[in-house]
Amino acid sequence: MAENAGADHPGADTEAPAVRDPGGGRGGALEGAVVAVAGAAGPAGRATLLRLAEAGATVVAADADPARLAEAVDAARYAHGGATVTGDTVDLFDLDAARAWAARTEQEYGRIDGLVHLVGGWRGSATFAETDPADWEVLEKLLVRTVQHTSLAFHAGLLRSDRGRYLLISAAGAAKPTAGNAAYAAAKAAAEAWTLALADDFRKAGGEDGPRAAAAILVVRALVHDALRAERPNAKFAGFTDVTELAEAIAGVWEKPAGEVNGNRLWLTPGP
161 MAENAGADHP GADTEAPAVR DPGGGRGGAL EGAVVAVAGA AGPAGRATLL RLAEAGATVV
221 AADADPARLA EAVDAARYAH GGATVTGDTV DLFDLDAARA WAARTEQEYG RIDGLVHLVG
281 GWRGSATFAE TDPADWEVLE KLLVRTVQHT SLAFHAGLLR SDRGRYLLIS AAGAAKPTAG
341 NAAYAAAKAA AEAWTLALAD DFRKAGGEDG PRAAAAILVV RALVHDALRA ERPNAKFAGF
401 TDVTELAEAI AGVWEKPAGE VNGNRLWLTP GP
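Under this note's numbering, the letters of the sequence shown match residues 161 to 432, in that order.
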């Protein structure tokens, strides 16, 4: 998961052609959708941009590292000719900036159908007693506050969509904390609770007909990608989820009815 909380100037042309007409290409649930991806420049973000673009979505990416964001955006564009993939400038520690990003996206493309939250980061210690409270201060901003801001910013737009999805990528450790991961697990658990509160709002807004929008949590033990495998050729990575598998699962959430995924933890690794 990306370790940044927002995006600086992406270093790439952000002008984009019109959004594809829904159903005008591949015909899947993401065809013509507009999806924002927060924390898009890391390996998981890159895989997600590629998969969403392949599915026919217009993708608006954000990250705090402009050079890496530009590379991720360009890779998704080149891999899928004609795909609309842009980088945007947003500081997700700032609620007003997050709201401006959401409003700008919906105004430009006429709709917003998803927010994939990949902002991440990790700090831990060898033992519980060695936990540094400063780790919580860092992780609370990265893992909790950014979730608060993106969910509040995109809430109204997702409710206006006929297929709105808010997806949080979380870790199994939130449900089963280990001694050296107290701050990380607590922050992930808080982010999950916030996302489930959003899901309850979507449920109530749907009334008797059920929710039109959904908030869901995709849970992994940890993520692995080709560069990490090359760096640690002898590692087994047992129970890890490849970033391409995560991206496939993210895209798959749009293939399911909102009521089926809203408020659920979708485990990509064995549960606790």
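It should be emphasised that the hints constitute simulated quantities derived from the structure, not laboratory data.
Predicted model, so just to flag it, every value in this text is computed and none were measured.
Treat the hints loosely; a few may be bogus.
With a straight-line Cα cutoff of 27 Å, these simulated DSSO-like cross-link-like pairs (lysine-lysine) come out [said to hold, decoys possible]: (1) LYS364 / LYS416; (2) LYS396 / LYS364; (3) LYS396 / LYS336.
What follows is a list of derived Cβ distance ranges for each label pair [said to hold, decoys possible]: (4) LEU255 / ALA382: 23 to 31 Å; (5) GLU290 / ALA365: 20 to 28 Å; (6) ALA227 / ASP360: 22 to 30 Å; (7) ARG392 / ALA353: 32 to 40 Å; (8) GLY367 / TRP427: 27 to 35 Å; (9) ALA227 / THR429: 30 to 38 Å; (10) ALA263 / ASP386: 21 to 29 Å; (11) LEU426 / ALA390: 24 to 32 Å; (12) ALA398 / ALA316: 16 to 24 Å; (13) PRO417 / ARG320: 16 to 24 Å; (14) ASP360 / ARG392: 35 to 43 Å; (15) ALA235 / THR287: 37 to 45 Å.
All C-beta atoms in this analysis are idealised placements derived from N, C-alpha and C, irrespective of residue type, glycine included.
Here's how the hints hold up against the structure:
Straight-line distance between C-alpha atoms of LYS364 and LYS416 comes to about 19 Å, which keeps the hinted pair within the 27 Å bound. Taken as a hint, the LYS396 and LYS364 pair is broken in the structure, with Cα atoms around 44 Å apart against an allowance of 27 Å. Note on LYS396 and LYS336: the hinted pairing holds, with a Cα-Cα distance of about 22 Å set against a maximum of 27 Å. Between LEU255 and ALA382 the C-beta distance comes to about 30 Å, which sits within the given range of 23 to 31 Å.
Between GLU290 and ALA365, the C-beta spacing of about 45 Å breaks the proposed range 20 to 28 Å. Distance hint check for ALA227 and ASP360: the Cβ-Cβ separation is about 39 Å, which falls outside the suggested range of 22 to 30 Å. At about 33 Å, the CB distance of ARG392 to ALA353 agrees with the hint of 32 to 40 Å. Separated by about 29 Å at the C-beta atoms, GLY367 and TRP427 satisfy the suggested range of 27 to 35 Å.
Distance hint check for ALA227 and THR429: the Cβ-Cβ separation is about 31 Å, which falls inside the suggested range of 30 to 38 Å. Restraint check, ALA263 to ASP386: a C-beta distance of roughly 37 Å breaks the suggested window 21 to 29 Å. Roughly 29 Å separates the CB atoms of LEU426 and ALA390, a value that falls within the hinted 24 to 32 Å. Checked against the hint of 16 to 24 Å, the C-beta distance between ALA398 and ALA316 comes to roughly 42 Å, which is inconsistent with it.
The hinted range of 16 to 24 Å is satisfied by PRO417 and ARG320, whose Cβ atoms lie roughly 18 Å apart. The given range of 35 to 43 Å is respected by ASP360 and ARG392, whose C-beta atoms sit roughly 41 Å from each other. Checked against the hint of 37 to 45 Å, the pair ALA235 and THR287 passes, with Cβ atoms roughly 40 Å apart.
Of the numbered hints given earlier, the model fails hints 2, 5, 6, 10, 12; all others are met.
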